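Protein chains in written order, with this note's numbering: chain C, 324 to 577; chain Z, 12 to 345.
There may be inaccurate statements among the hints.
One-sided excerpt, in silico: chain Z residues whose CB lies under 8 Å from chain C [unchecked claim]:
1. Y36
2. P134
3. K135
4. M137
5. R145
6. S190
7. W191
8. M206
9. M210
10. T285
11. E323
12. D328
For the chain C half of the interface with chain Z, some residues (derived, Cβ under 7 Å), not all of them [to be verified]:
13. A346
14. A389
15. S400
16. G518
17. E548
Source of the hints: derived by calculation from the structure; they are not laboratory data.
On a predicted model such as this, the values are computed, not experimentally measured, just so you know.
Just so you know, even glycine gets a beta-carbon here, dropped at the ideal spot from N, CA and C.
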Amino acid sequence: MSGNHVNDRRRMACELLALGDSAVLVRLGDCIELETNRKVMKLSQRLEAQPFAGWIECVPAFASVAVHYDPVLVLKSRTWEEDGHATLFETVCFRLERYLSNDQQLHLNEQASRTVEIPVCYGGDEGPDLSFVASYNGLTEEEVVAIHTSSDYRVYMLGFAPGFPYLGGLSERIAAPRHQTPRTTIPHGSVGIAGKQTGVYPLATPGGWQLIGQTPLALFRPQDEIPSLLRAGDTVRFIPITRQQYDLYKEGAL
Amino acid sequence: MSITVIRSGLLATIQDLGRYGYQRYGVVPGGAMDTGAARVANFLVGNAGDEAVLEVTLAGAKLLIEQDMLIAICGAEMKVTASGERLPLWRPALVNAGTTIHFEACQSGCRSYLAVAGGLDVPKIMGSRSTYLRAAIGGFMGRGVKAGDKLSAGPASPLSMRMLQNLVKKRISSVTVPSWHASHFAVADELAEPMIRAMPGTDYERFQASSQAALFSETFRIAPQSDRMGYRLNGAEKLMLAAPIEAISEAVANGTVQVPSDGSPIVLLADRQTTGGYPRIAQVATVDLPVFAQLKPGDRFRFEAITQLQAERLYLDSERDMAILKAAIALKFN
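One chain only, chain C, in its complex shape (with noise of 0.2 Å):
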């Protein structure tokens, strides 16, 4: 194999770049859209059940796939037929073309889709834009809240910070700008709405969003084996729930 064509390969529409000394990226796609993504999670649970020696971690996004390996690793377990190769990027992507391609051997049963239901207390304290959704919209709090509970949401990253989610199948019926100034703290919990964007906040931040509501559950979890209530590719789907019920998440007695 010569070693030319490797900084910009194309294979069924799928591009490896060296993210630096340490890292490719694999770019399945340059859009938003869900067969993208579903190639995105395949690909990095592929490399999770059975990774290449020197591999250390997959990062997934929306269309692309980071892979982070060990040089020194990687350059140990060199194959003979890994040995001409003029660099380790060009070994990695050798090791990486196996996951891309149809292996019989790398056929793993994908993972069973999880669905997350998230209750949420929408309005209020918790909500304080809710109304400005509302009004934005022409519509009333309820129905703002009626159609945020209607559609199921999938998990197409995490990334921004710990445990958080970008979510897409927001209704454009409920879109609204952002805030122009940010608000210089918004509690963890906090689900909001930016552009055509829903999200979940799992730490206090700053932030632009508007505020429709608040969940009770910890999205980000350290002491977790899993510090993440969301994965990617998970299914989201928000119940709403009184103040009442909130408070009794909160202390744990639901």
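The hints should help you fit chain Z onto chain C, whose structure is shown.
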């Protein structure tokens, strides 16, 4: 208890080499900014290399050593004193109980690493002892250390014990240092503008030709709004895309140079977010990240373009040097 913090200075956090395996959940590795200095400091006290150390930012921190202890300080060119006497850096030191360590003045660089035999003992969170300030986890109760905090050391290795016994025999004052030291691994020359080696990034081709050229010829200055998350850079010329692109969020790495629409690049560092949506013009070579992390606001530097192959070779060479240093210390006290 073995160390009491008298004063923390600007910021002092417990860090190891980072928290790996959780980036897919949005949790960044973090860890020491100058991993080279943190590892060498660990080697010098007989540790494996990845033990937790105290990362001290600029000057001001003051610590009281409460029991005889083998320590080493590496990193920034810093005036450090032990009960008033100058403490040599890049060298192990046996420090007697009751000694005060003072990080007095910073000459060059900005981060010092204090390693103790056995490593600083704090609970591991998600496999690491690193402080992740943004999520308030890891290190000392998820925060920087403060006056009054008491830090303890984990169990010392057999190698650390041999090194300690060797110095005990030579002890004449409150601080005993051997005649040998590790060469400086990662401090940028304070007089020159250091060259930071980098490769074109994943979106390099999408920038205007003049911006591509400017990246590798301009002098950049580290802007004041720079911290463990990333360094903002000021250059004479704004870096601009040839045509607008709609970038969607994807993973970034330590040393990714991304360019927001204002044209001023940001170099993402240890406590960066795991993903980003700005185009990436360059990627700092891993071998130069420790040098870069020692630059402070106001410092100037230039990027030098290198190839993927060069970056890999430089990294492998530096890892070999690290392995040799570690082996040499072990051999010396065998």
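A quick look at each hint next to the structure:
no. : hint : in the structure
1   : Y36  : holds (4 Å)
2   : P134 : violated (10 Å)
3   : K135 : violated (11 Å)
4   : M137 : holds (6 Å)
5   : R145 : holds (7 Å)
6   : S190 : violated (32 Å)
7   : W191 : violated (26 Å)
8   : M206 : violated (17 Å)
9   : M210 : holds (7 Å)
10  : T285 : holds (5 Å)
11  : E323 : holds (5 Å)
12  : D328 : violated (11 Å)
13  : A346 : holds (5 Å)
14  : A389 : holds (3 Å)
15  : S400 : violated (14 Å)
16  : G518 : violated (13 Å)
17  : E548 : violated (9 Å)
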